[in-house]
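Asker: Just so you know, the sequences run in chain order A and B.
Residue numbering for the first sequence follows this note's numbering, beginning at 145 and increasing consecutively.
Residue numbering for the second sequence follows this note's numbering, beginning at 1344 and increasing consecutively.
Any given hint could turn out to be false.
Unchecked claim - Here are the simulated EDC-like cross-link-like pairs (lysine to aspartate or glutamate), alpha carbons at most 16 Å apart as the crow flies:
#1 Lys1354(B) to Asp1399(B)
#2 Lys1426(B) to Glu1411(B)
#3 Lys1387(B) to Glu1428(B)
#4 Lys147(A) to Glu213(A)
#5 Lys251(A) to Asp161(A)
#6 Lys239(A) to Asp1400(B)
#7 Lys1354(B) to Asp1400(B)
#8 Lys239(A) to Glu1448(B)
#9 Lys239(A) to Asp1399(B)
#10 Lys181(A) to Glu1428(B)
#11 Lys1358(B) to Asp1429(B)
Unchecked claim - According to the in silico footprint, chain A covers these stretches of chain B (three or more CB under 8 Å from chain A):
#12 1385-1398
#13 1408-1415
Bear in mind the hints are in silico, worked out from the structure with no lab data behind them.
None of the values given here were measured: they were computed from a predicted structure.
Note that beta-carbon positions come from the ideal geometry of N, C-alpha and C, so glycine has one too.
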Amino acid sequence: EDKVVQSPLSLVVHEGDTVTLNCSYEVTNFRSLLWYKQEKKAPTFLFMLTSSGIEKKSGRLSSILDKKELFSILNITATQTGDSAVYLCAVYFNKFYFGSGTKLNVKP
Amino acid sequence: EAGVAQSPRYKIIEKRQSVAFWCNPISGHATLYWYQQILGQGPKLLIQFQNNGVVDDSQLPKDRFSAERLKGVDSTLKIQPAKLEDSAVYLCASSLGGRGGAYNEQFFGPGTRLTVL
């Protein structure tokens, strides 16, 4: 069964819009949740979250974890065409489990 | 610092043929991962090494897939014989690792795109 579920599967927005990507997970012995950005190549690391309720920010991107409700969100404000990519969520408990990703398309 | 190196970048073979992929992790990284990413899906862990020992290979189809990391540095992943459903991108990643070191960030290589005809 899927341990990490991402939604939506795909999203089309226009430059300047704000988007929220969701990641929910089933877990035992949860350790950390990671967000990656994948363009036409290998995933690149964005954030690692281990503590609930603490927001991590990097420029226009931010992420927060809710350990009680077992989900995380990734926010992107003032989107740009360069944000177009697949965003992957991964959870570590004994090993890494990846979701299927959310494909974001930002139109000019 | 040099990143994770993989070769070849692309490979096209016919079903029932054999293929091998090579990965050289970032220097000093103890943990090495091989993932299979089928189009439209997230990466699926095939095998995880800690130095030259296998930590997890529960999702590795052992009847046809094998991997080794003999000297605890670079690694090879082999498929023999290949099936159509093996068409995917094979990603190698490494992290500093260490016992219980799964908090460490994974750095991914560029991947090998395999097409099985």
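Asker: For every hint, state whether the structure bears it out.
Answerer: A quick look at each hint next to the structure:
no.: 1; hint: Lys1354(B) to Asp1399(B); verdict: 26 Å, violated
no.: 2; hint: Lys1426(B) to Glu1411(B); verdict: 21 Å, violated
no.: 3; hint: Lys1387(B) to Glu1428(B); verdict: 14 Å, holds
no.: 4; hint: Lys147(A) to Glu213(A); verdict: 14 Å, holds
no.: 5; hint: Lys251(A) to Asp161(A); verdict: 10 Å, holds
no.: 6; hint: Lys239(A) to Asp1400(B); verdict: 10 Å, holds
no.: 7; hint: Lys1354(B) to Asp1400(B); verdict: 24 Å, violated
no.: 8; hint: Lys239(A) to Glu1448(B); verdict: 13 Å, holds
no.: 9; hint: Lys239(A) to Asp1399(B); verdict: 8 Å, holds
no.: 10; hint: Lys181(A) to Glu1428(B); verdict: 25 Å, violated
no.: 11; hint: Lys1358(B) to Asp1429(B); verdict: 9 Å, holds
no.: 12; hint: 1385-1398; verdict: holds (count 6)
no.: 13; hint: 1408-1415; verdict: violated (count 0)
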